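Put together the whole structure using the sequences plus the hints.
There are 2 protein chains.
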Amino acid sequence: MTTTASPIRNGVDTATLFATLDAVKGDTDIAKFQFRATNRWVSGTHNRSTIHGFHGAKQEMTHREPFTFDADHPPVLVGSDKGPTPVEFLLHALAACLTAGIANVAAARGVNLTEVSSTVEGDIDLLGILGLSDDVRNGYQQIKVSFVIRGDDPDKLRSVVEQSRRRSAVFDVVTNGVPVLIDVDAG
Amino acid sequence: MTTTASPIRNGVDTATLFATLDAVKGDTDIAKFQFRATNRWVSGTHNRSTIHGFHGAKQEMTHREPFTFDADHPPVLVGSDKGPTPVEFLLHALAACLTAGIANVAAARGVNLTEVSSTVEGDIDLLGILGLSDDVRNGYQQIKVSFVIRGDDPDKLRSVVEQSRRRSAVFDVVTNGVPVLIDVDAG
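Just so you know, the sequences run in chain order A and B. Residues in the first sequence are numbered from 2 upward in steps of one, following this note's numbering. Residues in the second sequence are numbered from 2 upward in steps of one, following this note's numbering.
Don't take each hint at face value.
If several chains are the same, the list does not tell them apart, and a pair holds so long as it fits within one copy or across any two.
Claimed, not checked - Taking lysine-lysine pairs in the BS3-like style, the calculated list, with each CA pair at most 30 Å apart, reads: (1) K33 - K83; (2) K157 - K59; (3) K59 - K145; (4) K26 - K157; (5) K145 - K83; (6) K145 - K157.
These aren't lab readings, by the way, just hints derived from the structure by calculation. Treat the numbers as computed from the prediction; the structure is a model and nothing was measured.
Structure, rendered in structure tokens:
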């Protein structure tokens with residue numbers, strides 16, 4: 002690959018991005034990752050997760066610091082509002098994944114971005130989780146993501162969003178589901 | 002309902018919890034909620050969400066403050082590690098939802114908790130999102146949640162975890178999926 006005049010585009014180091022792709026093509030085990038979160042109950046619906054270590058590129062790694070996040074329910078749902086609800090963190094995860102993908106795809110395609118913002122709305126009927134109806138699901142009934150994206154040609158920008166959607170990890174999990182095993186050590 | 006000696010159990014105000022259930026039974030529209038997150042791209046894979054307003058109990062409401070969260074990729078994934086990855090926030094959401102449910106279900110059943118902690122592990126093969134294989138999905142291939150729970154009788158504790166799983170909003174979305182609509186304003 003020849004060095005281009007602007008290896009950094011949209012804040013993405015495209016030279017490193019393409020080098021990483023080449024490295025993975027050469028040894029696909031590099032791509033096997035395990036991400037983790039640990040959580041501890043505090044009181045009532047308030048609990049706190051720590052995100053630090055993960056496995057990837059054939060080694061144990063850590064983020065530059067342990068990141069901690071509080072989750073809770075608001076008073077209307079009998080909580081103390083020490084943090085967002087778990088279902089709101091899910092919306093954040095979806096927006097963040099699609100947006101990171103947009104930046105990467107745009108950089109790889111040589112498309113410049115000046116703004117990417119989004120609003121994610123999830124509709125949920127709490128009759129499900131409250132156990133008041135067996136006909137209402139527990140989770141969101143639908144989620145809508147509304148992007149505003151500015152930069153180069155609008156058609157190119159729309160195509161970038163679509164490609165991000167096609168390769169988004171969180172979009173895949175949230176739309177298609179994934180098996181979840183729960184193990185309990187009750188002492 | 003008569004007042005019990007301990008209306009607060011596990012930090013859950015059970016009197017208010019049961020009163021809320023009664024109110025929803027009387028007017029099921031109270032249970033229709035919409036949660037939201039807004040996200041703004043910062044640079045590269047770094048972006049930031051704000052979680053503040055939501056709709057519920059037939060009115061617009063806000064959390065006590067706007068909560069903001071940074072997401073990013075670590076250097077091994079060509080990011081600047083300004084926050085966890087989006088897929089890690091998904092694990093946090095899952096742990097937080099199950100744990101809040103455990104606290105509520107235990108309180109409703111009169112079961113005392115002294116500890117609830119969990120580790121969530123998600124296995125993902127990045128050949129999918131890197132676009133290097135069409136046979137590998139983009140998202141997690143499996144997720145494992147390992148709970149340590151202490152308090153009253155272990156059989157009761159295990160039953161509480163199971164009931165939380167049966168009524169968890171995030172568990173439902175992550176295992177069963179939900180339709181996601183993406184709207185793009187490309188200017």
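Consistency of the hints with the structure:
1. K33 - K83: For K33 and K83, only the inter-copy Cα distance (22 Å) is at most 30 Å; the intra-copy one is 35 Å.
2. K157 - K59: Classified as neither; 36 Å inside a copy, 40 Å across copies.
3. K59 - K145: between (36 Å within a copy, 20 Å between copies)
4. K26 - K157: Within one copy only: 27 Å inside, 50 Å across.
5. K145 - K83: both (26 Å within a copy, 26 Å between copies)
6. K145 - K157: Answer is within; shortest intra-copy Cα gap is 22 Å, inter-copy 39 Å.
Violated hint: 2 only; the structure is consistent with all others.
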